[in-house]
Each structure stands twice: as C-alpha cells, then as structure tokens.
Amino acid sequence: MNTLLKLLSNRWTLGLIVIALVCLVPIVITSKYWMHVFILILIWSIAALSLNLIMGYTGQANLAHGGFFGIGAYATALLMLKLNLGFWPALLLAALITSVVGFLIGLPTLRTKGSYFAIGTLCFNVIVFIAAERWESLTGGARGVIGIPPPSPISLPFGIVVKFSTLSGMFYLSFFLLLVTLFIKYRIVHSLVGRSFMAVRESEDLTSSIGIDTMKTKIISFVTSVFIVSLSGSLYAVYIGFLDPEIASHHVTFEVLLFVVLGGIGTIAGPIIGTIIVTLLGEMLHFLEAFRLVAYGLVLVLVIIFMPQGLMGGIRSLQQKIAARDM
Amino acid sequence: MDLLFQQTLNGIMVGSVYALVALGLTLEYGILHIPNFAHGVLYTLGAYLTFLAVAALGYNYWLAMACAMLVLAVMGIVIDRLVYQPLIAAPHLNSFIAAIGLIYIFKAGMLIIWGPDFKRFPPINEEVINFFGATVTIQRIIIVLVTAVLIVLLNLFIKKTMAGMSIEALAQDREGALLAGINVKRVETMVFAVGSAMAAVAAALISPIFLVYNTMGDAVILKAFVIIILGGMGSIPGAVIGGYIIGLIESLGGAYLSTDYNEIVAFAILIGVLAVKPTGLFGTRAH
Amino acid sequence: MLEVKNLSKHFGGLRAVDELSFKVEKGDILSIIGPNGSGKSTVFNLITGFHEPTEGRVLYLGEDITGLKPHVIARKGIARTFQHTTIYLQNTVQGNLIIAHRLRTNTGILGAIFRTSRHRQDEKQCLEKAEATADFIGLYSKRLLPASLLSQEEQKRLAIGIAIATEPQLLLLDEPMGGVTDKEMGPLMALIKKINEQGVTICLIEHKMGVVMSISNRVIVLNYGRKIAEGLPENVAKSKDVIEAYLGEDYHA
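Residue numbers (the numbering used here), protein chains in the order written: chain A, 251 to 577; chain B, -3 to 283; chain C, 134 to 386.
None of these hints come from the bench; they were simulated from the model.
Predicted, not measured: the structure shown is a model, and the values here were computed from it.
So these bits of chain A aren't anywhere near chain C, every CB distance computed over 12 Å:
no. : residue
1   : Arg384
2   : Ile396
3   : Pro407
4   : Ile410
5   : Leu552
6   : Ile555
7   : Ile565
8   : Lys571
Straight-line C-alpha distance at most 20 Å; calculated DMTMM-like pairs for lysine to aspartate or glutamate:
no. : chain 1 : residue 1 : chain 2 : residue 2
9   : A       : Lys466    : A       : Asp455
10  : C       : Lys202    : A       : Glu454
11  : C       : Lys209    : C       : Glu136
12  : C       : Lys327    : C       : Glu317
13  : C       : Lys360    : C       : Asp161
14  : C       : Lys202    : A       : Asp455
15  : C       : Lys209    : A       : Glu454
16  : B       : Lys181    : B       : Glu171
17  : C       : Lys202    : A       : Asp463
18  : C       : Lys209    : A       : Asp455
19  : C       : Lys209    : A       : Asp463
C-beta atoms are modelled at their ideal positions from N, C-alpha and C, and glycine is treated no differently.
Work out the full structure: start from the sequences and follow the hints.
Put into structure tokens, the structure is as follows:
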C-alpha cells in the first residue's frame, strides 16, 4: 500500500497513468458528441499551452494568437487542397509559414515593451481576419474553405492501419500532438532557455545586464509559440473540414487567453485545466447564449484580480500554506 | 476636384471621431501607463445610450448626448475603481487581461439588451448645405465643429485649471507629482470620467450618420490605439493630429485606392512605424 | 582598462553628464561620488549601453564600445548592479546565479528540447558556477530559498553575486551600501574587497563617505554632470570644490 502511494505521488508515474486513462477514452466513450467535445479540448489545449509560453513564461501579452491559429489552419487547408500536399508535409510547412510570419511581426513589435506589443499584435490579428475575409481568391472570403480532407491513413508495423477519418483516430492524433507539445514545453521550461524566458519576464534590464540578448530571447519564445499554435490550427482544419474567417479572429485569441488565465498563467498544466473547464462549461451552458460570454468576462476580471495565478496557482499556494502549517 | 474636396471633408469628419476617442485613450494611458482596451466598448455603449434616449425616450439630440456623457463618465469611474485600481501594482499583463474581461462583459451585455441588429437613428440634422461646391449635411459640420470646440476646451482645462494641471503633472512625472502631494486616485478618477465622456460624445456625434451596432467600437478603438502610438502615448496634440491624419488617409485612400483593404491601412502604418521608430512619430515618452 | 572620453548625455535641455573624461586602471577600486542628481548613475548607464551618449566615447581594453547593446557589453566583461537592488525575486538564489552565467554558454532552444550532451554540459557548468558563487557571497546555505525571502542586505549580496557570476573583468556597483545598516556594511565592504583581490577591477557609486574613504584607492567627484575633482580619497575630501558642492558655498563664509 505504501509503495503504491509513493508510486502515485511520483510525477512520472502519475503522468503515465493519466496518459493511459486518456488513451482508454475512445474505447469507453461511445457518444459521438462527447468524443467531439474531447477532441476540441485536446486541440484547444495545444493552442493554450503555446500561448502560455510567450505570455506566461516570457511575460509578453501576445494578442494575435487567434490570428496565428488561423494562419496555421488556413495554410494547412490550402496546401492540402490547392497543392495536393499530404497532411504531414502540410502540417510542417504550415507551421514554418506561421513561424516566418511570427518572426516578421515579432521583429518590429517585440523591440518595444509591454503595451506596444499587445496593441501591435492585436492590430495584426485584425489584419489577418480582414485578409481572410477579403482575399477571396485565396481564402474563399466569407464563404470560407470547405472540403478539407482528413489525414490519409498511416500503416504501422504488424498490419495496423491508423485511420484519421474516425473520431477515435482524430482523438489519438490530437492527443499525440498534445503530448509532443507538453514534452517540448516541459523541456524548454526546465532548461537554460526557459530560464532566460522567465528572466525576461521578471526584468528586461537586469537580464540584458547579465549578457542575455532579450530581443532574441523574446523572438525565440514568440516563434516557438506560434509554431506550436499552428499545429493546433492544422488539427482543427482537418478535423472540422471547414474554415471561415471567424477562426482567425481576435475572439479566438480572447478565448484561448481565458483558458490560460483561468487555468494558471505560467504553469505547465494550467492551460489544459482551463481549456477543459471552459469548454465543458461552455457546452453545458450553451443555452445561456450571450450570458455565457458575460460570465467569461466576469471570470477573467475576478480571476486576474483575486487569483492572478489561476486555478493551478491557487492550488499551489494552498499546498504551500498546508505545508507551512505542517512544519 | 469635387471628389477630392468631398473626401477631404469626410476625412476630417471621421478624423474628428478618431481624435475624440484617441484623446480619452491617451489621457488614460498618460496616467495609468496601461492601454485601456475596454475604451472601445464604452464608445459603443455611448452610441446605444444616445440611440435609446433619442429613439425610445424621445429626448432632444443634445440632451441625449449629455445623458450618454454622464452615464459613461460614471461608468468610467466605476471601471477604474473596481478593476484598474486593484491592479495598479500588478504586472501590466494583468491589466490587459482584465480589460479583455471587460470587453466580454460589455459586448455580451449590450448584445443581450439591444441584440445583434443594426439600429438606425431617426433623421437628425439632415438638411444639406452647399459648401464651396460640395454638399454636406449639417450633422457632418456639427461633428467637425463640436470636436474642435471640445479639443479647445480640453486644452484650456488642462493648461488653465488646477485639476487639469495635475493631470499633466502626473502624466509627465509621476514621482514628482506624488512628492508635490497630488492625489493620484482623484486624478485617475477624473481622467477616466473625462475620457469615457469623450468617447460618448464621439459615438453620439457619428451614430446618426452611420448605424449603431454591437461591434461598431472594435475598429475604432484599434485605430485610436494606432493613433496614440503614432502620436506618442500620452500626448494630447499627438492624439488630435494623429486622429485627423488617419481619418484623411482612410477617406482619400478609400476613394482613390482600394476600399477592400482600406481598413488595414491604419494597422499596416502602425507596424511600419513601430519598425522604424518604436516610440511613435511624435513620441518621446515610450513605456 | 576603461577610458571615458568627453562623454555627454543630454535629456532634453538637461545636461545629465557633461564632457566627462576619466580612466579606470586595472585593479582599481574607484569611487564616483557627488550630490544627488549629479549624473552618477547616468554614467554607469552610458558605459553599459543602457543609454546612448549624446557625445563622447567609451573605450574598454582599447576597444570602442560606445553605443553597443547592454548584453554585448556584458559579454565583453563589464558587469553592473542597479541602484534599486534588482534581482529575480520569484526565483531561488541559485536560480538567480544560474541564469547569470547563461552568457558564458551557447546551446539554444533545439539543444534544450533534445537535451543534447552539449546542453547538459552547459547546465552543469551554470550550476557549478552558481554554487561556487553562492558560497563566495556567503549565501550557500540559503541557495534554495526564493530570493524574495532574503533580507535587504542578503539581496544586495545576491545582486553582486549575479554580477560576478557573469565573470566580469570590470564591475560597476551602483550604491552597494544603499539601504543597509551600519552594522551590515563591514561584511559587504569585505565582499567587495574580496572580489577586487580576485583580480576584478571595481568602480562604485557611493554616498557613504566612510565607505568611500576606507575602500577606494581613487575617487572622482561629479557635480551637475561635470568632474570637479579626482584623486586620492584623503586629498579629494579636503578639496574646496568638493566641500562646496556638498555643503553649499555658505559653508566657507
């Protein structure tokens, strides 16, 4: 019993158990509706995790994340439909395109501090939205892009064929990319590079005085972040099979922001928790319509004033309090 | 030639609205050092309130405008007290997030009350006059004149009254102002009241010409941000000049170039300017 | 080692630094003193690239470093502390020192993601440096504590530790004794001397004359951004200009 408890308290075993449980979901859950909700949660979790990298760990309020999500989604769809590329090359190429755009936008906006970056990226998000809506020959304008095919099946050894046209195939694909994202993020956060990100967040002056190129650090964080959000955009495109300009708008940015803030800015698991809670509540409270959005707003304001580290941060400080009492 | 003249007049009119919104924003930035993203939803609220007063309650247009100003001034104070003040010591990021929360609350709230449909004012000052060969409605002239008067009044307020001077002192040198015993909270309250009231005026002026709808503030607030970055955050002349410049560029660009991408011009200029001069065209006090 | 030539910095109409020239020789502990607002911190900001000078040049080891970015100057071997003690409050003492040694390592983001042997090597190097520095500044036993829990004096030590973990040849200290009690000054001065004995040249801004007199081998006095005196501490203290600058002309009359 004791060893079992010990095993459970180890992060890695706990992680493996969670992974195993999630892998069981498509087998246990038969409802198409809930599978759909879970897949969306996986896709949006990736987006939330990537926003957290630049915003939570590097302290730069990127308000164009929806725009980059949209660029990744549109690029994937158009590469697959117009150039007949397969899903995997399209996924990578779209992420590269998004990264280049991110780099070009980061260069002028990241040179400045705080407010300018937030405003500049928000304006850029609007440009992306307008381009998606008006550049009809490329994006299909307000009608959008339809008929995006699912990734073609891949065959593994022993005659196993993974099909992505099924809900469970899509579920595993999204879960796989979420794990890759988590792995990358974990490695970055626990490295010298991640330490530089957090150093920039705390004080740019001190950080440049100890020989770290703050501009380069911010660019690296930003480009990595938009590379990853492009992956989630690609998943969204092939899963839903249809895109319209709204998917590239700042409303998407705000929603992903809500996931991150509620779950916990600058924590590893927070953005996922936030995505799960908001998505599930959103589905359950759908009938409330606009009142739901008022509630979103209230949650953002209240959380940021009273619990700025979100749910994960709240839990952490609670743990610390308990630990301090035990001592 | 006629087209040029007409479009220039139009540009000045739209620029007036931009200038008024940007003025409120730049004042708030000067004091708080955070961009109040929620300023745009207050502008929209100002339009709805004016509409409500004129169309539903049958108020006189000017009385309706005054009511909208009053309500928004109170709203500005409430927002400052409840949301921005508690965050003053927190990282800037937190204020941005709170502002986005406010946008959600106000936009969804207005959607619940007024719905997604466009609202049209009953005709107001639609008489046409001939002006050097161009025809303009009286309302358009009113927009330009009222804005000009407000800008002059605001300048007098800031340069000549104690309350106004304390705003400028605080914006230019926070520590110095604190040492001189200026009550920061009071100044902040005043700035939010004045800034929000100006957004109400801007909305009340333009909405009889255009329509009133839920997302009308989105583009305006972003352009106002572009303007105050161009003009230098916290700079009053910068906001006014920048407002007219963006108004004219859009109006002339829309007439002679493409109307499709007209909306993008301002944002493209912004990113271009940031690339060349991160502190804005006239700005010295970057933050 | 460091040569400042005709350095000027104007903020609008204000001449914060006005045609200032001085030299720092290898092994010096040079103090820069002067009344409040005499431009001392601005001089540091000009040397370390935080401000761009209006006129003049800064030469370091014979090389012109005027207008270089702060991080480039830090890599060349000039470290600094800030007047308002600046440390990473949210990080541990050790974390503060690890990141301070980052500039002497190379691996990038791919190295971090794939955890290459090079990256592990870099991490080990930073950790060893951090532990050695924590020991050197007397905070080894507190190295795992969050920096926010340290006392004012310990935070001052840590700020100096961050600077020396970058392995500088020249260290600029901006009011290292600011906000520290008289009793705590002794150990801090000993730390500064110990750093100097390791071969690091030191230049400091200080208000407390007792500290300046006992620690420095040379003193420069600034007033209104201009140098009004330079020399051995005991000579400078007697200089008429200096006394006037500090106490006003009435003192003599």
